[in-house]
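Residue numbers (the numbering used here), protein chains in the order written: chain A, 1 to 193; chain B, 194 to 386; chain C, 387 to 579; chain D, 580 to 772.
Because the hints were derived from the structure by calculation, they are not lab data. One or more of the hints may lead you astray.
Claimed, not checked - Label pairs and their in silico Cβ distance ranges: (1) Arg114/A x Val396/C: 27 to 37 Å; (2) Ala438/C x Gly234/B: 18 to 28 Å; (3) Arg114/A x Thr674/D: 39 to 49 Å; (4) Ser49/A x Ile426/C: 22 to 32 Å; (5) Asp4/A x Thr280/B: 49 to 59 Å; (6) Gly37/A x Gly234/B: 42 to 52 Å.
A virtual CB, placed ideally from N, CA and C, is assigned to each residue, including glycine.
Number of protein chains: 4
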Amino acid sequence: MRADALRNRVRVLEAAEVVFAAKGVSASTEEIALLAGVGIGTVFRHFPSKEALLEAILLDRVAKLGAMARSLATSLDPGVALYGLFTRMVDQAVTKKTYVDALADAGFVSRIGRSQAGQEAVQALGALLVRAQQAGAVRDDIGVTELIALVVGASRAAEYATGNRAAQARTLQVVFDGLRHPDRSSGSEANDS
Amino acid sequence: MRADALRNRVRVLEAAEVVFAAKGVSASTEEIALLAGVGIGTVFRHFPSKEALLEAILLDRVAKLGAMARSLATSLDPGVALYGLFTRMVDQAVTKKTYVDALADAGFVSRIGRSQAGQEAVQALGALLVRAQQAGAVRDDIGVTELIALVVGASRAAEYATGNRAAQARTLQVVFDGLRHPDRSSGSEANDS
Amino acid sequence: MRADALRNRVRVLEAAEVVFAAKGVSASTEEIALLAGVGIGTVFRHFPSKEALLEAILLDRVAKLGAMARSLATSLDPGVALYGLFTRMVDQAVTKKTYVDALADAGFVSRIGRSQAGQEAVQALGALLVRAQQAGAVRDDIGVTELIALVVGASRAAEYATGNRAAQARTLQVVFDGLRHPDRSSGSEANDS
Amino acid sequence: MRADALRNRVRVLEAAEVVFAAKGVSASTEEIALLAGVGIGTVFRHFPSKEALLEAILLDRVAKLGAMARSLATSLDPGVALYGLFTRMVDQAVTKKTYVDALADAGFVSRIGRSQAGQEAVQALGALLVRAQQAGAVRDDIGVTELIALVVGASRAAEYATGNRAAQARTLQVVFDGLRHPDRSSGSEANDS
DNA sequence: GATGAATGAGACTTCATTCAT
DNA sequence: AATGAATGAAGTCTCATTCAT
Numbered sequence: 001m002r003a004d005a006l007r008n009r010v011r012v013l014e015a016a017e018v019v020f021a022a023k024g025v026s027a028s029t030e031e032i033a034l035l036a037g038v039g040i041g042t043v044f045r046h047f048p049s050k051e052a053l054l055e056a057i058l059l060d061r062v063a064k065l066g067a068m069a070r071s072l073a074t075s076l077d078p079g080v081a082l083y084g085l086f087t088r089m090v091d092q093a094v095t096k097k098t099y100v101d102a103l104a105d106a107g108f109v110s111r112i113g114r115s116q117a118g119q120e121a122v123q124a125l126g127a128l129l130v131r132a133q134q135a136g137a138v139r140d141d142i143g144v145t146e147l148i149a150l151v152v153g154a155s156r157a158a159e160y161a162t163g164n165r166a167a168q169a170r171t172l173q174v175v176f177d178g179l180r181h182p183d184r185s186s187g188s189e190a191n192d193s
Numbered sequence: 194m195r196a197d198a199l200r201n202r203v204r205v206l207e208a209a210e211v212v213f214a215a216k217g218v219s220a221s222t223e224e225i226a227l228l229a230g231v232g233i234g235t236v237f238r239h240f241p242s243k244e245a246l247l248e249a250i251l252l253d254r255v256a257k258l259g260a261m262a263r264s265l266a267t268s269l270d271p272g273v274a275l276y277g278l279f280t281r282m283v284d285q286a287v288t289k290k291t292y293v294d295a296l297a298d299a300g301f302v303s304r305i306g307r308s309q310a311g312q313e314a315v316q317a318l319g320a321l322l323v324r325a326q327q328a329g330a331v332r333d334d335i336g337v338t339e340l341i342a343l344v345v346g347a348s349r350a351a352e353y354a355t356g357n358r359a360a361q362a363r364t365l366q367v368v369f370d371g372l373r374h375p376d377r378s379s380g381s382e383a384n385d386s
Numbered sequence: 387m388r389a390d391a392l393r394n395r396v397r398v399l400e401a402a403e404v405v406f407a408a409k410g411v412s413a414s415t416e417e418i419a420l421l422a423g424v425g426i427g428t429v430f431r432h433f434p435s436k437e438a439l440l441e442a443i444l445l446d447r448v449a450k451l452g453a454m455a456r457s458l459a460t461s462l463d464p465g466v467a468l469y470g471l472f473t474r475m476v477d478q479a480v481t482k483k484t485y486v487d488a489l490a491d492a493g494f495v496s497r498i499g500r501s502q503a504g505q506e507a508v509q510a511l512g513a514l515l516v517r518a519q520q521a522g523a524v525r526d527d528i529g530v531t532e533l534i535a536l537v538v539g540a541s542r543a544a545e546y547a548t549g550n551r552a553a554q555a556r557t558l559q560v561v562f563d564g565l566r567h568p569d570r571s572s573g574s575e576a577n578d579s
Numbered sequence: 580m581r582a583d584a585l586r587n588r589v590r591v592l593e594a595a596e597v598v599f600a601a602k603g604v605s606a607s608t609e610e611i612a613l614l615a616g617v618g619i620g621t622v623f624r625h626f627p628s629k630e631a632l633l634e635a636i637l638l639d640r641v642a643k644l645g646a647m648a649r650s651l652a653t654s655l656d657p658g659v660a661l662y663g664l665f666t667r668m669v670d671q672a673v674t675k676k677t678y679v680d681a682l683a684d685a686g687f688v689s690r691i692g693r694s695q696a697g698q699e700a701v702q703a704l705g706a707l708l709v710r711a712q713q714a715g716a717v718r719d720d721i722g723v724t725e726l727i728a729l730v731v732g733a734s735r736a737a738e739y740a741t742g743n744r745a746a747q748a749r750t751l752q753v754v755f756d757g758l759r760h761p762d763r764s765s766g767s768e769a770n771d772s
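Whenever a hint applies, use it, and build me the whole structure from the sequences.
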């Protein structure tokens, strides 16, 4: 790929990330092109549809998340590693309306889940979760599906409490305490579908 | 207001609730009018804009929530009452795309929060929370703001896990366990802004 | 349907006919709206897509053609009637680029052929053809398919010779003479599919 | 001109012929470049506009047609030669949407008619026609203008009857019979403008 | 000379809102 | 008061053409 093309591709991706984050996925492609400093045609040259652009952004983020999870796979304290990663993911989501909007589309979610980057990320996250459970830092009755659902939910809760950092922190603390809470009922089993 | 006008108002409101719940707030007003069995002009006569219609729906729902919370104010077991209400709210939200969409708009949220119905609902919920805390069913370091944020977040988590009832249940259980049992290490205090 | 709506529908249809005739079917809907004196939205209210508008025009014309053929069904001299109708159809087509363009789309043609108006028109034309053949005015070895193909072709030939009326007349004369020409070879049979 | 440049020019021309034939003149230039195996810039270097490319194709074809007509000028049976050429032209046109589309533009037609290749082709075709008339194979009251119009029209008729070879054959037969045998009643004379 | 990325006008279509009936 | 036809701004996407590499 030519140098200028690559530069523009990155520019568009970054602009889209900013615009989607600020205004949600219903923001116009025109605005993205404007911010990126390119013509509208350039946006569509790199991404054949608005949906493809959105998918590229999310895949990129999922890939980074997967990389982060993998880099933590051998950490000495998997509990600290997992909760730190959880916190970071929530922090990121708060400033990105993108995920809230995009993840609301079930078709989207499953498509990303089936992608290679998505599967690798889930796998890495699952491995980290298992190690944290073995270390006694996370209850045993949940799987990676529940973990991700909790990340999504905690992100949404934090977004709701925008502007009140203390409340955000306490909300996240509740979730973390629930995750640590040993499972005494022992009647339910984790069962990822 | 004439009797038929009032009837139409109610019809529109109900139709809008159904349509928004099914297709999200981006559904067209035309579709709402169709389901309500009135002309599009009638919709706009009763609600000056689509946004006003959405706000009316949410206010209505918040009012009902407030009423429910008030009716539980004197229940013998405030813990059971609060967790039951929490569960019901999450269940509702899962089938109603409306809240997910609408609550994403911060301006909306604060406007509803400032409304009389909103303030009454918050107050009733807060009262129930305090009673549950006094009964030892909920940790002491959270306030009504955190409670609502957790409802919103748990709803989002449940929506994410659509189709996997077991995962939804386990996710909610984590939040409930976190609400019940604070870690001793945590020294933070409730501080609603 | 309301009076004003009907009036606008007719206006749009007439404007579309003019514009398509002048510039071909690739003319813009915007231009049609402009000529009709209505907003672009009105065009799409009456016809949900550009294709639907085009189809409406052609169906209207086919229906008129069918009516003409039926009104000639009992004429005393079916030969004169058929050649007269043939001539009129060619005359119309010359000023209407629409047909040339539209008929080039096979999907379109078959859709119109399957419509009620289309089938009625074909039937009426076929009846007139048979009567003309029985009267000895048209050779026996062709069917309605060949007749229509010849109308289309003669229209195209006339369009090619635009501006040269004498050549148009002689070209049409050749086709007519070929149609009258008795079939001596007698080895081929009409076989409409 | 450099050897590679010439090779590219030919490649583009051939690709354009194929693409236009298959998809009509509204096919994109990008697709042509792709099939030709060159960059889009190369297409525009050789032909300043899409229209110029189309014109080049048609001129090329007209030139070949002229050459064919000239090669038949001295054939022993000019009638057989003319009807054979006519048939071949129709056969070609059926598989080439190009002509149908392109010839619909009057400006195009006259420009090609005024070109050297065009005039030579018309002249050669005219000479063949005259010889066929002298041999008694074609009626006397038509000129080369009518002949070409009939080729165009017969091509269109054949295209309309796509998929029904028998109908195509009978339709062409009608035209040929008309060309051979004038009705005695007709007193019109050939008069090319 | 060749390439293909960039451009932006323009196409079709949707939809919240207005207004004549 | 109710209706629904009319409006037109705005959105996504295509493509002939230009120009930096």
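Hints versus structure:
1. In this structure the hint that Arg114/A and Val396/C lie 27 to 37 Å apart at CB is violated, the actual value being about 52 Å.
2. In this structure the hint that Ala438/C and Gly234/B lie 18 to 28 Å apart at CB holds, the actual value being about 26 Å.
3. At roughly 43 Å, the beta-carbon separation of Arg114/A and Thr674/D lies within the given 39 to 49 Å, and the hint holds.
4. A hinted range of 22 to 32 Å for the beta carbons of Ser49/A and Ile426/C is consistent with their spacing of about 24 Å.
5. A hinted range of 49 to 59 Å for the beta carbons of Asp4/A and Thr280/B is consistent with their spacing of about 56 Å.
6. Checking the proposed 42 to 52 Å range against Gly37/A and Gly234/B shows it holds: the Cβ atoms sit about 44 Å from each other.
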